[in-house]
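Colleague: Use these hints to put chain L onto chain R, whose structure you have.
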Amino acid sequence: MRRPSWRVEPTPPELGEATGRALAYIPDDGRFALYNDYGEGVSVLTPAPPGADAAGPAALWRTHGPPQPRALAPTAEVDGYGIFTFPYGPVSMGVPEAGRFDVRTYGERVLNLVPVGGFKSRRIRDAVVGRPVVDAALLIERMAGNFSASHVSAFLEAAESAEAKELPTLEGWVRGLAQELQRIYNHLHVIARVAEAASQNVGLAQTHALAEELLRVQGAVFGHRWLFGALLPGGPARRLEVADRRRLSERLGQLAEEFEELWLLFLESRTFVDRIQSTCPVNRSEAIRWGAVGPTLRASGVAWDDRLRIPVAPYNDLFVPVPHEPGGDALARVATRAEEVRASFLILEQILDRWTTAGGGSEPAAPSVVPGRGIGRVEAPSGDLVYDVRVTAGKVDALQLRSPSQANWPVFAAGMQDAVFTDFHFAFESFGFAFAETDG
Amino acid sequence: MSRGILTSRYPREPASDEEVPSTGRPPIPVAGPASLPSAQGSCPVRAISETVVDQGKCIRCARCLAAGLSFSGTVEAATRSRADLLRISDGRAPSPASPPPLVTLGRSLHLFLIDVGSCNACNLEVLALANPYYDAQRLGLFFTNSPRHADVLLVVGVPTPEMAEPLRRAYDALPHPKAVVAVGACPISGGAFAGTAGLAGSLEEIVPVDVFVPGCPPAPIAILDALLKLHGRDRGTRGGR
Numbered sequence: 001m002r003r004p005s006w007r008v009e010p011t012p013p014e015l016g017e018a019t020g021r022a023l024a025y026i027p028d029d030g031r032f033a034l035y036n037d038y039g040e041g042v043s044v045l046t047p048a049p050p051g052a053d054a055a056g057p058a059a060l061w062r063t064h065g066p067p068q069p070r071a072l073a074p075t076a077e078v079d080g081y082g083i084f085t086f087p088y089g090p091v092s093m094g095v096p097e098a099g100r101f102d103v104r105t106y107g108e109r110v111l112n113l114v115p116v117g118g119f120k121s122r123r124i125r126d127a128v129v130g131r132p133v134v135d136a137a138l139l140i141e142r143m144a145g146n147f148s149a150s151h152v153s154a155f156l157e158a159a160e161s162a163e164a165k166e167l168p169t170l171e172g173w174v175r176g177l178a179q180e181l182q183r184i185y186n187h188l189h190v191i192a193r194v195a196e197a198a199s200q201n202v203g204l205a206q207t208h209a210l211a212e213e214l215l216r217v218q219g220a221v222f223g224h225r226w227l228f229g230a231l232l233p234g235g236p237a238r239r240l241e242v243a244d245r246r247r248l249s250e251r252l253g254q255l256a257e258e259f260e261e262l263w264l265l266f267l268e269s270r271t272f273v274d275r276i277q278s279t280c281p282v283n284r285s286e287a288i289r290w291g292a293v294g295p296t297l298r299a300s301g302v303a304w305d306d307r308l309r310i311p312v313a314p315y316n317d318l319f320v321p322v323p324h325e326p327g328g329d330a331l332a333r334v335a336t337r338a339e340e341v342r343a344s345f346l347i348l349e350q351i352l353d354r355w356t357t358a359g360g361g362s363e364p365a366a367p368s369v370v371p372g373r374g375i376g377r378v379e380a381p382s383g384d385l386v387y388d389v390r391v392t393a394g395k396v397d398a399l400q401l402r403s404p405s406q407a408n409w410p411v412f413a414a415g416m417q418d419a420v421f422t423d424f425h426f427a428f429e430s431f432g433f434a435f436a437e438t439d440g
Numbered sequence: 001m002s003r004g005i006l007t008s009r010y011p012r013e014p015a016s017d018e019e020v021p022s023t024g025r026p027p028i029p030v031a032g033p034a035s036l037p038s039a040q041g042s043c044p045v046r047a048i049s050e051t052v053v054d055q056g057k058c059i060r061c062a063r064c065l066a067a068g069l070s071f072s073g074t075v076e077a078a079t080r081s082r083a084d085l086l087r088i089s090d091g092r093a094p095s096p097a098s099p100p101p102l103v104t105l106g107r108s109l110h111l112f113l114i115d116v117g118s119c120n121a122c123n124l125e126v127l128a129l130a131n132p133y134y135d136a137q138r139l140g141l142f143f144t145n146s147p148r149h150a151d152v153l154l155v156v157g158v159p160t161p162e163m164a165e166p167l168r169r170a171y172d173a174l175p176h177p178k179a180v181v182a183v184g185a186c187p188i189s190g191g192a193f194a195g196t197a198g199l200a201g202s203l204e205e206i207v208p209v210d211v212f213v214p215g216c217p218p219a220p221i222a223i224l225d226a227l228l229k230l231h232g233r234d235r236g237t238r239g240g241r
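As given, the protein sequences belong to chains R and L, one line each in that order.
Residue 358 in the numbering used here sits at position 358 of the first sequence; the count goes up by one each step and never skips.
Residue 86 in the numbering used here sits at position 86 of the second sequence; the count goes up by one each step and never skips.
Isolated chain L (complex conformation):
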């Protein structure tokens, strides 16, 4: 039954292709932003504008591949501000105004997953962090059973009117300091459901968001990156090496 060490070398080493399938990476215009106007029509969720790709809207459906984009962005695409999600496609650095990491949260993070209207893919990708391949505990990331014991609320799904109030209450139940991670396109922009009548609007309108993880769903590595960024321990910093 012994299968050796399965655990990812991430974040000590970059994520491998096996860990991140093609759709796990943000789409980027191969020939630069000049090709974007002609690719606009291919996007069913209007993530592509004349000049940028809004990664917060992208549902990784791959229809823009024929129009000159490719899934070649970095899997470490989580950002601390919504505006920074527009900067990924052209390789610009995150804005300097990005809030600094929440170092006040100490050495480990306790996580609470809340589903406000998801399709389950994001739930399962978040829970996959506990499997031996990602083993989030080695990085001091622990799941808790109550928002009262958590530092971080991981929100998955597009907020429905039925879940807006439970979400607010869960957020209020978190002790200070606290943070909210929007996991996937749904809580960031509505994702595939953007524009659907009768939904509660974006997550930011209900609770403040600290980290945005693009993807539909984001790969477990992308969620790890988001949590490490929140903590100032991502691969871009000394703590991540």
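Isolated chain R (complex conformation):
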């Protein structure tokens, strides 16, 4: 079979102006470099293409043109007797989101798979322009409801950096609390979806129940199960008193114990482990070549985590474990997430322990790229999330983002080559994708 061929796209521009902190932490080979071309109203934040594959993945992540359905991974020229394209989606219960997968196949074997996005574009990038930052945040948190804390944190960080605003220390703690709770929820959700695909009904029910518990904790602390509005000024989490924090900490302790028991049961289930072991493998060099981020990258043996590498408040002040696995398969991705659930419980404990109250000092303003423009970068549940925001007189002027799903689509497509279609759900769910944040 031939290797995927790239669609011809304009060559990416040279690494442009400095991107502040975002650039400062880039490893020498440039694999996480960000560049931006703000010319002609088009802007992308893209990992620099590694070496010779210069026109490769980067070109695919551009957001040129209207958001009509578009390929999110390289299309391949696979042809032969009996080979056809099987479109899966955008309406299906298997993937309960509007997105399509074009599968080239002659039956069971997947010769090539192309995720197609753009079905649920709510035109958020355009809709925020001209709105005050705090109103724009209402749309940003709905970019992907299950990742709202990460999206809002990254957006606000970028906007604050653009306006050179100091960050009250308490805000940092609130954002950390929200992000870690939501990370645990999302990791549990991924484990539940994989368990569902593997017909692990007891494990599924238990994981679902734990995830629901997390939503209820979020509802109790932030007043909203999905943290909408929670990170904007004045949300209820800022009134967490000592007694509230102790109660919350106890509740999280119980949930952590329940999770330990549950995860051991999963690991003891041979059917579960066998089914996801060696499914959709992405080895270390492939993960780097395709620009994988988050648990997907760490499951391929690269210990990169924004919380550690690009420390913003509160993570600059916390112990952040970065679990990673060498396997690169669906099992490794699920196991990495399980380890991260443990890590997040540990981080939450630190946050609640060292919580400051209002007036407890402030963090210096993040350096802005150029006046009026800032980069915000956080480790979302599915990986590195970057916002590039321009602000004029308190209103959003332009906004671009690179979501972890966007970065990981080509990795998924690469891993699915030569798989069988029954692998699809195990593979797909192990990445923790959201078409919502890709489409925006």
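In short, the hints are calculated from the structure, not lab data.
There may be inaccurate statements among the hints.
Over the 10 Å line for every Cβ pair with chain R, so calculated as not near, a few chain L residues [as the list claims (entries may be wrong)]:
1. Ser-35
2. Gln-40
3. Arg-87
4. Gly-106
5. Asp-115
6. Pro-132
7. Gly-140
8. Pro-177
9. Ile-206
10. Gly-236
Okay, the calculated bits of chain L under chain R, using three or more residues with CB under 8 Å as the criterion [said to hold, decoys possible]:
11. 117–124
12. 195–203
13. 224–232
So these bits of chain L aren't anywhere near chain R, every CB distance computed over 12 Å [stated by the list, open to error]:
14. Arg-9
15. Val-20
16. Val-30
Glycine is no exception: its CB is placed at the ideal position from the N, C-alpha and C atoms.
Modeller: The following block gives chain L in isolation, referenced to the frame of chain R:
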């Protein structure tokens, strides 16, 4: 591993505070509609008018709390008509013209979830109905894998031009009798995206809607209430007790 019975007592008993966080309930003017004119400016989606709160527009952002509203409405706020969503804030009963329940659908409902441009929160709240806390199967509510096997289309998200046609086709694929539930502010009014250029308009302009569930997103209990109302089995009727 035994954790006892987790399942909600709803609808036999009212929803608990744990099941419904504050933003799960519709905002209501504490001092009556007289305070609404002064609260109008606080609403980013213009859900508050001089006399009523349009629950179909409200995205539960909590900005009106400082202007004299509170999240104290009933979580059972789903209505059979769009106009009834304007009656929740002042405690008026749903209009008598509300269409009667679709009893022709038999004893159980088969549900198909279709996403036409959502942020995923509504998708996940709908899917949460299958978790042990809500266990929708105990009420005869089942998810199907194809619109061909479904009685009810649960629509989440604000319709995008790309999804208008797939939505129409899914609706046509449902066998008769069929019903459509608009889950959340997005399909009802556009929600946070109301007024955004380039979207396909409200759900009602594309397919007929039978039940409107306000919220952003609606709590799973609110979605249960909507489905039971559609079926004439909600807490307001004999079937719900």
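Colleague: Against each hint, give a clear statement of whether it holds in the structure.
Modeller: Results for each hint:
no.: 1; hint: Ser-35; verdict: holds (20 Å)
no.: 2; hint: Gln-40; verdict: holds (16 Å)
no.: 3; hint: Arg-87; verdict: holds (25 Å)
no.: 4; hint: Gly-106; verdict: holds (21 Å)
no.: 5; hint: Asp-115; verdict: violated (4 Å)
no.: 6; hint: Pro-132; verdict: violated (5 Å)
no.: 7; hint: Gly-140; verdict: holds (18 Å)
no.: 8; hint: Pro-177; verdict: holds (21 Å)
no.: 9; hint: Ile-206; verdict: holds (14 Å)
no.: 10; hint: Gly-236; verdict: holds (25 Å)
no.: 11; hint: 117–124; verdict: holds (count 8)
no.: 12; hint: 195–203; verdict: holds (count 4)
no.: 13; hint: 224–232; verdict: violated (count 0)
no.: 14; hint: Arg-9; verdict: holds (15 Å)
no.: 15; hint: Val-20; verdict: violated (8 Å)
no.: 16; hint: Val-30; verdict: holds (17 Å)
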